[in-house]
Amino acid sequence: MFTSQFKCEIMLKLAMQTSPYAKLLLSAMNSSGCKVIRDRHFACEDCDGSVSGGFDVASSQIVLCQNNIHQQSHMNRVVTHELIHAFDHCRAHVDWFNNLRHLACSEECVRGRALRSILAVRKISAEEAQKIVDEVFDSCSNDHAPFGRIPHGSKDAEFAYRDHESRDRYNTNL
Amino acid sequence: PPRACDNYWEEFKHCVSWGNGFHHYYTYGTVPSCQQWKNDYNDCREWEERRSAEAKEALLKSERDRVAEQGNFTPVWELRKEPPGDWHLPLNQEKPQDS
Numbered sequence: 005m006f007t008s009q010f011k012c013e014i015m016l017k018l019a020m021q022t023s024p025y026a027k028l029l030l031s032a033m034n035s036s037g038c039k040v041i042r043d044r045h046f047a048c049e050d051c052d053g054s055v056s057g058g059f060d061v062a063s064s065q066i067v068l069c070q071n072n073i074h075q076q077s078h079m080n081r082v083v084t085h086e087l088i089h090a091f092d093h094c095r096a097h098v099d100w101f102n103n104l105r106h107l108a109c110s111e112e113c114v115r116g117r118a119l120r121s122i123l124a125v126r127k128i129s130a131e132e133a134q135k136i137v138d139e140v141f142d143s144c145s146n147d148h149a150p151f152g153r154i155p156h157g158s159k160d161a162e163f164a165y166r167d168h169e170s171r172d173r174y175n176t177n178l
Numbered sequence: 140p141p142r143a144c145d146n147y148w149e150e151f152k153h154c155v156s157w158g159n160g161f162h163h164y165y166t167y168g169t170v171p172s173c174q175q176w177k178n179d180y181n182d183c184r185e186w187e188e189r190r191s192a193e194a195k196e197a198l199l200k201s202e203r204d205r206v207a208e209q210g211n212f213t214p215v216w217e218l219r220k221e222p223p224g225d226w227h228l229p230l231n232q233e234k235p236q237d238s
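Chains as they are written, first to last, in the numbering used here: chain Z, 5 to 178; chain D, 140 to 238.
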């Protein structure tokens, strides 16, 4: 029988190899000095509740909740999501615990989802959360790093990945 | 040219696709403008095949405008000058994790 840990490891490998979002983020992190090593920076574990994963700043590790991720498409999304947090941590001084603006920015910049994420993670009032999300929205939604665009679908992600791989040619020719 | 010419054509086709129009309208409330990609494709071909100086200039300007547009915001956080020092430390040297 395949243990849930084994399945998690397999799906993680596949996500890293085939998801254009994940591949781009891994490549961008490499270029930023935070090379991602699967055995070091990812951990498949059992988690409480229905959480899918998280980024642990203290250990610089992405936790994947093997008991809550059952499909490859879900794994791809979780890996991408957590890699975005890791990427933001790598390139900027993100104050995860005290600065709600930073938290809002690193979560998806669709207002509704950012709002729910903040409320889930920090106990603050709904109005406060809404105010913060509104304030950072314009700034955050223009920060498309490392994608260079808002990747709505896999075509966007593929193009973004292609642009990223050719960035040397691009920059020298401008 | 900064990109392979076919890239510009593919970006144009993607730009005018229904899916992209939908997402763009949802995100920005407007329909996307895609003509520039087509112009860039034509300029790219002109540059490559006929070494046209005008086409080259037009294409470079178009790309520089694109880059400028992306930088047009104040970042929410301070960018690091170096990656975090503890990124590569082995796990048993990190603070103990909650289980």
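There could be a bad hint or two in this list.
[To be verified] Not the full set, but computed from the structure, chain D residues with beta-carbon under 10 angstroms of chain Z:
1. Trp148
2. Val155
3. Gln174
4. Lys177
5. Asn181
6. Glu188
7. Ala192
8. Ala197
9. Glu202
10. Gln209
11. Pro214
12. Arg219
[To be verified] Derived DSS-like pairs: lysine-lysine, alpha-carbon spacing no greater than 25 angstroms straight-line:
13. Z:Lys39 / D:Lys220
14. D:Lys200 / D:Lys152
15. D:Lys220 / D:Lys195
16. D:Lys177 / Z:Lys159
17. D:Lys220 / D:Lys200
18. Z:Lys39 / Z:Lys17
19. Z:Lys159 / D:Lys220
20. D:Lys177 / D:Lys152
21. Z:Lys17 / Z:Lys159
Worth flagging that the hints you see were computed from the coordinates, not collected in a lab. This one's a predicted model, so the numbers in the text were calculated from it and none came from an experiment. Glycine included, C-beta positions come from ideal geometry on N, C-alpha and C.
Does the nearest C-beta of chain Z fall within a distance shorter than 10 angstroms of the C-beta of Gln174 (chain D)? violated (18 angstroms)
Next on the checklist: Please verify whether Lys200 (chain D) and Lys152 (chain D) have alpha carbons no more than 25 angstroms apart.
Outcome noted: holds (21 angstroms)
Answer holds if the nearest beta-carbon of chain Z is closer than 10 angstroms to that of Gln209 (chain D); otherwise answer violated. Holds: closest Cβ of chain Z sits about 7 angstroms from Gln209 (chain D), inside 10 angstroms.
(Q) Given the hinted pair Lys159 (chain Z) and Lys220 (chain D), is their Cα-Cα distance within 25 angstroms? (A) violated (32 angstroms)
Next on the checklist: Let's test the interface hint: is any C-beta of chain Z closer than 10 angstroms to that of Lys177 (chain D)?
Outcome noted: violated (16 angstroms)
Assess, step by step, whether the Cα of Lys177 (chain D) is no farther than 25 angstroms from the Cα of Lys152 (chain D), and give holds or violated. holds (9 angstroms)
- Task: Sort out whether Lys200 (chain D) lies within 25 angstroms of Lys220 (chain D), counting only the CA atoms.
- Result: Violated: Lys220 (chain D) and Lys200 (chain D) sit about 30 angstroms apart, past 25 angstroms.
Should the interface hint for Asn181 (chain D) be scored as holding, given a Cβ-Cβ cut-off of 10 angstroms against chain Z?
-> Violated - the Cβ of Asn181 (chain D) stays beyond 10 angstroms from chain Z, reaching only about 18 angstroms at its closest.
Does the structure keep Lys177 (chain D) and Lys159 (chain Z) at a Cα separation of 25 angstroms or less? holds (18 angstroms)
Holds or violated: Lys220 (chain D) with Lys195 (chain D), Cα cutoff 25 angstroms? Roughly 35 angstroms between the alpha carbons, so the hint for Lys220 (chain D) and Lys195 (chain D) is violated.
With a cut-off of 10 angstroms, does the beta carbon of Val155 (chain D) approach a beta carbon of chain Z closely enough for the hint to hold? It is violated, given that the least Cβ distance between Val155 (chain D) and chain Z is near 13 angstroms, above 10 angstroms.
Notebook entry, point to check: Should the interface hint for Trp148 (chain D) be scored as holding, given a Cβ-Cβ cut-off of 10 angstroms against chain Z?
Noted result: Where the cut-off is 10 angstroms and the nearest Cβ of chain Z is about 12 angstroms from Trp148 (chain D), the hint is violated.
Hints 1, 2, 3, 4, 5, 6, 7, 8, 15, 17 and 19 from the earlier list are contradicted by this structure; the remaining hints agree with it.
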